[in-house]
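S.K.: Listed below are the residues making up each chain.
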Amino acid sequence: MASSSNVSTRRSDVVRVAVAGNPNSGKTTLFNVLTGARLKTGNYPGVTVDVTSGERRHKGGELVFYDLPGAYSLSAYSIDELAARRFILEEKPDVVLNVIDSANLERNLYYTLQLRELDVPVVGALNMIDEAEEAGVEIDAERLGEILRTPMVKTVGSKRRGVEELLDAIVETARKDAFRWTPSVYGVEIERAAERALAALGKATTPDETAPTTWAALKIVERDKDETAKWRAVNEGELPDGATEAVEWLERHVGESAPVYFAGQRYGVIRGAVRETVRRVKPPERKTPTSRIDAFALHPVFGVVGFLVVMAAVFYATFTLSEPPVAWLERGFAALGEFAASRIDDPTLRSFVVDGAIGGVGGVLSFAPIIVVLFLLVTLLEESGYMARAAFIMDNVFHRFGLHGQSFIPLFIGFGCTVPAIMAARTLKSPTDRLVTILVSPLISCGARLPIYALIVGAFSPPEYSWAILLGVYALGPIAAMGTALLFRATLFRGETSPFVMELPPYRKPTMSGAMWHVGRRLWRFLKNAGTVIFAASILVWALTAFPRPAADATAREALEQSYAAQMGEAIAPAMAPLGLDWKAGVALVSGLAAKEIVVSTMGVLYHAEEAAPDATLRERLRDDGSFDALSAISLVVFVALYVPCFATLATIRRETGSWKWVAFVAGYTVALAWIAAFLAHRLGVALL
Amino acid sequence: MKHLGRRRRRRGGDEQCNRRRAELAGTLTVADLSEGEVFEVRRVLAEGELGRRLVEMGLSPGARGAVARMAPFRGPVQIDLLGYSLSLRRSEAYGVVVERIDPS
Ligand SMILES: Nc1nc2c(ncn2[C@@H]2O[C@H](COP(=O)(O)OP(=O)(O)OP(=O)(O)O)[C@@H](O)[C@H]2O)c(=O)[nH]1
Ligand SMILES: [Mg+2]
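Residue numbers (numbering that gives the first Met the number 0), protein chains in the order written: chain P, 0 to 688; chain A, 0 to 103.
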């Protein structure tokens, strides 16, 4: 099975294979096929942002695969690309499985060439060969392999084609030494500059104990940032004598900057190889299905309208499709509570089971269908190829608000869960863009907040308007995110945002099985949470409401009012009062700091403890509760929409930014923002209603 | 003055490309083309990592491409090259000097 790890133990009998290549070339799909893992795939560049390993036996040998983030080049641009580079350079895999999008051969071979320069054994997977053939492109894999001196195997990851041959090639390649790649293929200028640089490096202090390689010289000539920095670090902040001169000599000689010239020479080699090995059996179509869809999806007017419609449709469908099963489950849990109440005699035990366990956990579980539908729709969108289009459409707006077109993808992922959203920000090149995106991502309503909205909106709004209100609540997130980003940009982080350079992949039909698997796993996690964390939280909250034990003749309300929970609630009540919320809502909000589902379970427990029809659902109890009305509903929903999602989010922010400072900052500003927004919404509500 | 300063910060990208454009008066860049036009890359003026990234993504001298789309309000540009679709902001597109090619 797959496990996340960056460190790897070296064992001579296992072959360590890094799965590397351009973004969106199908690396993770192939990795999943090879190892039986089920890592997340998606039809946009930058799905995978860290390294995951998985095992496989083939013909008696053991193979360990590492799924790397995609990269357009070994000269890393963003930190996910850097992770791929570091893995290949520092972990020194036995073989690099270079996954190549055959329909996009030339640009993919750029990375292949860079791997070949490294003299690491490479096996090329000519993946997506189905799409290349569809487009009328025929590739002579054998000949291409001869030219690049590396085996090439045609594969279709999504249909498991070519896997056996690929494994054979990997095992075979692992046994051999890589063929040395010589810089002379890039022309005499680069060759000579590399020789001069190598001589210079040979006389200087080396960053590691070993003698400098031709590769290091090439990187110096290419003005590679990392390699240059490495040499500078051990040579008093300067490149060794002669190395700088070699680069300058090259630039003078060719009249172009070294990186541009070098890339051009690589593309020259690629063009030659492609001319020799690729044959068009039919002329390229002028209008592909993708370009037809894009004519609408990226249209100046329809594109924007379409974008809004797609977003609205996701939430509308989520809410309406899931409403019937949610209602059944609510009824079911209410009936279960009533049944349990009639069977248990001991009052404390009865309260524990009915109010604590069923009221709390059941309250949350009822909303599982919502999560399923939302995740299914989000996954389908991610697999379709629309995400990159949305980024294209949004860039112009986001850019003006201090975000980046590519911030769209992390923020959209945030509608599912904030944790992967924060990680996805790794694809943003500039550290400021990335940090701003991370800081505002908790404002996007994650899936865990949906049960709260469904509960409150379902209880207080006429059914025919619920979805519109829900849409408004969802819109709050992006609006707040843009406003906050603008504010941060104007105060904390000035300076330019990074360039927008993004590939728009062809549309692809999502595979239902993959999507269902992913959704199933999300559901499982939700259920597991309900059984563990949420159960524990429910019991804790129940205990706080049940103790100290009330006098025998106390009514349920009196009992609750003198419980520990009420005593604690009174402490935060002054902060809640301006929002029209009583201490119970306050306790629910505080419990929600741990995880948002707990808000629902806590309300389930708190609002259960009072008199109500024994078989009433939580929504009905809320509606009938004297201390909670439509105005409280407004402030509660607004507050929930904006305050920090959960501990897991804070932990992820700590990991991704490397500092507690930003954790405290996010916790602080989101709570402040939530309070202010809830207060304004409440005041507005009071004025209008 | 204050107003200008704020404007510059917000629209930094455009400012930069305007400057570049002034420098290049007379040269044709991707941003100067219109939808459907075919071009061959001559030079990449964008510097540093952006320049490197642009050529690595295939906008290397000699490469051919076509402008598929120009988003309105100075939004991004979509170009087709090497059999794939690449989008750039207008300010980045000013960094790629091209020559118009007759599509036929
Ligand atoms: N037609 C076709 N589609 C494929 C093939 N392999 C993968 N795909 C699809 O291509 C898309 C990208 O696949 P991923 O496996 O996520 O690509 P990746 O290389 O891991 O992408 P990053 O992690 O973003 O670098 C998904 O929508 C896959 O379903 C293939 O051989 N043929
Ligand atoms: Mg991947």
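Hint data in this document are derived by calculation from the structure and do not stem from the laboratory.
From the three backbone atoms N, C-alpha and C, an ideal C-beta is built for every residue, glycine too.
Be aware that one or more of the hints could be misleading.
[Said to hold, decoys possible] Simulated pairs of lysine to any residue, SDA-like, Cα-Cα distance not exceeding 20 Å:
| # | chain 1 | residue 1 | chain 2 | residue 2 |
| --- | --- | --- | --- | --- |
| 1 | P | K660 | P | L649 |
| 2 | P | K281 | P | V136 |
| 3 | P | K229 | P | T213 |
| 4 | P | K286 | A | M69 |
| 5 | P | K527 | P | M515 |
| 6 | P | K281 | A | E34 |
| 7 | P | K224 | P | A82 |
| 8 | P | K508 | P | E132 |
| 9 | P | K286 | P | R507 |
| 10 | P | K91 | P | E105 |
| 11 | P | K202 | A | E98 |
| 12 | P | K286 | A | V37 |
| 13 | P | K286 | A | G35 |
| 14 | P | K286 | A | E36 |
| 15 | P | K58 | P | L81 |
| 16 | P | K281 | P | D93 |
| 17 | P | K175 | P | R160 |
| 18 | P | K91 | A | E34 |
| 19 | P | K91 | P | K58 |
| 20 | P | K286 | A | G47 |
| 21 | P | K39 | P | K508 |
| 22 | P | K508 | P | G305 |
| 23 | P | K229 | A | R63 |
| 24 | P | K224 | A | G47 |
| 25 | P | K286 | A | E34 |
| 26 | P | K39 | P | S512 |
| 27 | P | K281 | A | G82 |
| 28 | P | K229 | P | E90 |
| 29 | P | K281 | P | D129 |
| 30 | P | K202 | P | D176 |
[To be verified] Quick look at which bits of chain P chain A covers, simulated, 3 or more residues with Cβ under 8 Å:
| # | region |
| --- | --- |
| 31 | 68-77 |
| 32 | 99-111 |
| 33 | 144-153 |
| 34 | 248-259 |
S.K.: With a cut-off of 20 Å on the C-alpha distance, tell me whether K281/P and V136/P pass.
M.R.: holds (8 Å)
S.K.: Within a Cα-Cα threshold of 20 Å, do K660/P and L649/P meet the stated pairing?
M.R.: holds (11 Å)
S.K.: Can you confirm whether chain A covers the region 99-111 of chain P, using C-beta to C-beta distances below 8 Å and requiring at least three such residues?
M.R.: holds (count 6)
S.K.: Between K286/P and G35/A, does the CA-CA distance stay at or below 20 Å?
M.R.: holds (12 Å)
S.K.: Going straight from one Cα to the other, do K286/P and E36/A come out at no more than 20 Å?
M.R.: Status holds; Cα separation ~15 Å.
S.K.: Run the distance test for K91/P versus E105/P: straight-line Cα separation, threshold 20 Å.
M.R.: Not OK: K91/P and E105/P at ~26 Å, beyond 20 Å, violated.
S.K.: Please work out if K286/P and R507/P have their alpha carbons no farther apart than 20 Å.
M.R.: holds (16 Å)
S.K.: Taking 20 Å as the top limit, are the C-alpha atoms of K224/P and A82/P close enough?
M.R.: It holds: about 15 Å lies between the C-alpha atoms, which stays within 20 Å.
S.K.: K58/P and L81/P: Cα distance at most 20 Å?
M.R.: violated (34 Å)
S.K.: Straight-line Cα separation of K286/P and M69/A no greater than 20 Å?
M.R.: holds (18 Å)
S.K.: Could you grab the alpha-carbon distance between K281/P and G82/A and see if it respects the 20 Å cut-off?
M.R.: holds (14 Å)
S.K.: Are K39/P and S512/P close enough, with their CA atoms no more than 20 Å apart?
M.R.: holds (13 Å)
The structure is inconsistent with the numbered hints 6, 10, 11, 15, 16, 17, 18, 19, 20, 23, 30 and 33, although it conforms to all the rest.
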